[in-house]
Amino acid sequence: MNALIDYILHLADTTLILSQRNSEWCGHGPILEQDIAITNISLDLLGQSRNFYQYAAQLLNNSTEGNKTPSPGGEGVGAEVTEDSLAYLRKEREYKNLLLVEQPNGDWGQTILRQYLFSQYQYLLFEQLQHCSDEQLAAIAAKSIKETRYHVRWSSEWVLRLGDGTGESHARMLKAIDELWRYTGEMFMPASYENSLNIDPASLKKAWEEKINALFTEASLPVPEKVFMQSGGKTGTHTEHLGFILTELQYMQRAYPNCEW
Amino acid sequence: MFNTCIRKFYYGDIPEDNAGGTQSNKPAAKNEWPLWEIFIRSKQGLDHKHVGSLHAADAAMAIENARDVYTRRQEGISIWVVESKYITASNPEEAGELYEPAVDKIYRHPTFYQLPDEVNHM
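Residue numbers (the numbering used here), protein chains in the order written: chain C, 1 to 261; chain V, 1001 to 1122.
Rather than coming from a laboratory, the hints here were simulated on the basis of the structure. There are no misleading hints in this set.
Once the Cα atoms are required to be at most 30 Å apart in a straight line, the calculated BS3-like pairs of lysine-lysine come out as:
1. V:Lys-1049 / C:Lys-146
2. V:Lys-1043 / C:Lys-143
3. C:Lys-146 / V:Lys-1043
Bound conformation, chain C alone (with noise of 0.2 Å):
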């Protein structure tokens, strides 16, 4: 049962996390109408997270160890766990997030990047996740595929446009290229809790890999070869961004706990 909670989060704090990296760009867009599209796709993300928090909740509560659960916020023995004390209310060792989404938006090409190999990944995922014997699990999954394929489609047109544009936004897109492809050999290394519960990351990274293959070779982009890959996020050891990302998404609840509006 943990390590099915374990999971639970990971795939919502990951969600979370990249929702509100996108959410950065709200009213800083390039331009309005790309403004609003990166911001749809932190909304979908948002209610993607929400889903899985709401899961997770529901068997924290009723897990019979409940009590035993160390209670997010601290709130005492019995609190009852919810999507808001799941999300504004652990610290950043207890997020397991992927370090991929962690990372800094940069510029808009390193943006749309970060987002179409998360969500190459994710479609993969999904796919897989929405026939699993959870069901709750595959609803949510079936459910979140329609939004992925649209932010594959999306970005990966972003990818194309950028890595085959001018020399500039070529030049831009290898920088970005070269920041973030040390995190996405994490997506496929699979945790403990994955490993329990007979979860294999690493069956989608040959998919993968030809997606994102068949995709650069497109946009006149290389694919980095023997990078070494960095990983912890999914077991809580983060860059040093998460903390910040954290300090201002749980402001409002750490210095008015439980406020509401």
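Position chain V against the provided structure of chain C, taking the given hints into account.
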């Protein structure tokens, strides 16, 4: 962000430099994408209606931008995009000669005619 000032176009009011038949001599501003007119069909069986315009680099991007700008509250199930420069609009200043002559031709409306009672369902 665009530093150019925002120009608001009203319905049917295609700016001259975008209007059909005008080959603009001005090179497009460096950061400016062309303007596209967006048509949305709200339901099966209804026709596409003009809903507004937006900027995009090409037709594919115009469709995606329209999807995000104009259909996120379930407004539509089909999108058409047309680059604004391909639309030729009538000149608002010629409204007098174009439309006013029709005002006093009320016999062009079917309601002008009295139908015999024998003709049903007209």
